[in-house]
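Asker: Chains U and Z, in that order, give the protein sequences. Position 49 of the first sequence, counting from 1, maps to 49 under our numbering, and the rest follow consecutively. Position 280 of the second sequence, counting from 1, maps to 1280 under our numbering, and the rest follow consecutively.
Worth flagging that the hints you see were computed from the coordinates, not collected in a lab. Source: prediction; values computed, not measured. Glycine is no exception: its CB is placed at the ideal position from the N, C-alpha and C atoms. Each hint should be verified, as a subset may be incorrect.
[To be verified] Dumping the calculated BS3-like pairs for lysine-lysine here, alpha-carbon to alpha-carbon at most 25 Å:
#1 Z/Lys-1005 - U/Lys-303
#2 U/Lys-5 - U/Lys-298
#3 U/Lys-302 - Z/Lys-1005
#4 U/Lys-5 - U/Lys-321
[Claimed, not checked] Covered, in the sense of this in silico footprint (three residues per stretch, anywhere, with C-beta under 8 Å from a C-beta of chain Z), are these stretches of chain U:
#5 230-243
#6 254-260
Spelled out, the chains give:
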Amino acid sequence: MEKAKLSAFQLFALLVLFQLGTAVVVGFGVNAGKDGWLAVLLGMGLGLIFFLIYYTLFKLYPKPLTSLIQAILGKYVGGFVGVTYITYFLYGAARDLRDVGDLLVTSVYIRTPLIIIMLLHIIAISYVLYKGITTLGRISEIYIMVIILLGLFGNLFVIVSGTIDLNNLRPLLDEGWAPVLSTAYPLTSVFPFGELICFTVLFPYVEPKKVILPIGLSSICICGIILAYTTALNIAVLGVDIAETSTFPLFTTVSLVNIYEFIQRIDAVVVLTLFVGAFFKTSLFFYAALISTAELFKVDFKKLVLPFAVIILLLATVIAKDFAEHILEGQESLYSIHALFAVFIPFFLLIFAYIKKMVNNERKPMDQTS
Amino acid sequence: MYTRKYLLPFAALFLLSGCWNVVEIEDVAFVTAIGVDYDQEAEQYLLTLQVINPATVAETESGIAAADRLPVTNFVSTGSSLLEAVRSASKRIPREPFLGHVQHVILSEDIARDHLVEVLDYIRRYHEIRLTTKVFIAKNSSAQTVVDTVQALELIPARAVRGKTQTNHSLWGSIIEVEFIDIISAYKSKGREIFINGVILEGNKEKGKGKENYEQTQMATTIVVDQIALFRDEKLEQWIPSDITRGLSQILNEIDSTIVVIPIIDSKEQVSIELIHSNTSITTEIKEQRPIINVHVYQVGNIGEASVKIDAESIDEISQLEDDWSNKTTEDLQSMITLAQQAGSDVLGFGDIVHIQHPSAWKTYEENWADHFQQCEVNVQVESVIRRSGMRF
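For reference, chain U alone in the conformation it holds in the complex (with noise of 0.2 Å):
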């Protein structure tokens, strides 16, 4: 752990910039057709559920992810199950890395090999992490008020614009609650809600501690409510066919923007929303890997920045062979390595907490009694 701090304003900074990230770009809930914004907002039910989980677990070991899980789980079986999470982290950091360079190649860089456009990106990560995470911090606090700006001004255009037509909306739950519940449990909760277990790595560097919890909540509802909206804002301007077919809806829905024929062609919003949300999701993955390698191993984390963004960088290469295998791949990954990393193991870690917690509350006494 490196000596820092996080004001209770940039850890709210990060966790919306994490949050809408990429998720505000990829065709959020679609699975679910007209429904899908209700499946979001299901989403965020459980992300908030989540995201209780992983704060009783820092509540009750107030350390960096690793070092509790070896608290609760003992040096070797909590050792290995925190490499676990290092590749899971590294995992995470590269699969938004993939997704920013496949955005900006089918979009405006055709001819750009991709590996070009993340390694640019990589390369200023890893500056910013070598720098540490007051950096990240001050960057977010930054960007935040760019997004901001970024989000008010392209609803005001698609909104002026009168291309919605919320009858695209309507009807109401016309395939019935089941493809809105599946879609909700893991696709719209586990990504991106359940990804802020690597949260749980900055927690210790947040003064006030107090504030976690309600910024935690209420970013996570704030996200949930903008994602919810942009989800219900492709399905009104586009329909529901396009919307699920589209490879990046909010950018076709911003692409129809015509406003006299004057305000036109702002598809660069989009890219830039998607450009900001994705450096801060691959830099919160690629810290929380770095922070979480150096508590377990004990090295200055400052050592492994460069190593690790190669990793990184390979691994975003390799992941996936084409665009579809990677869309698909997430799909898939949210049912299984998502899962289970963000889901059922912190869930099982804290009911472990809870029982050592008894036992040791039941043998205190009977220590005193002997």
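Start from chain U and add chain Z according to the hints.
Answerer: Positioned in the frame of chain U, the structure of chain Z alone reads:
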């Protein structure tokens, strides 16, 4: 240490080289219009790309008649797929074609009959073409001939067609601006069919290709944006004649203004009314498992011209006129609906409205909506208001 410091800016040069696939603007050919034809014998697409000639555009815009040079040049290429045809045009175009500024795409009737789906797929995949590009079907000529025709006033044909579309839409209302996104969403929807505007060449088609078209005050060939093609299962089914298409615009709530001529009964006299506002609401009900569609139109207009003396102060006379107007509009809308029903093509989007208002009943119609649409009962109710009788001097 010092060497390091001085080398750093040079290292940064590698990052400042700009985009990977940069094309200088002088090397880009801006395509403004595309004509798509299909050669049945060779089974090939015939593509006409209209490229802007930037130097001449500047002269044209400044108002000086750039009579010696046209602001556009057309290039024709062929290919068994659209992408192949676009790319093989590079043999003839000295610059790299850029499709991001395409204003409209004109399809031939052959394409509209058999190959619309392929065109839509190409448009959706190709990153440069925007979904807001307008689409037309060449009715009485090849798409190439339409793209080749130049017009006076707007020397850039793409601007001419766009201007005509807008004026027709806002003053006459016999067409509805159709963009690729509208076509794609109608294609994907089960309760709505595709319709696309037509372009018709009037006059001597051969003379439209150059300056000779506008050497006289009356153009030899005029591009007319009129009539609407009605599709069934992504195939062109029928053309809607221009006097009926206004009914379509009115039902779809797309009409801004138009002129309706009402004959006065038992006389040769007539009154022209200028429509200034129209609002349509459609409700559906299910009776004995059959859908019933109720179309309610509220329209407001002014008296624009009358061959008979109308007493503007007489409430009776005005309300009589309002009734006549309502009847006339009801007739027009009915004939549009009958035409669509006979063609079995729900361009009116009634299916979508049934879907929204009666989701559970829709499930039984969904698969063969065209049949249900043909048999469904449609009631039209029109409410007309005449506000003013025009200011007379």
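Asker: Please write out, lowest number first, the hints stated earlier that are contradicted by the structure.
Answerer: 4
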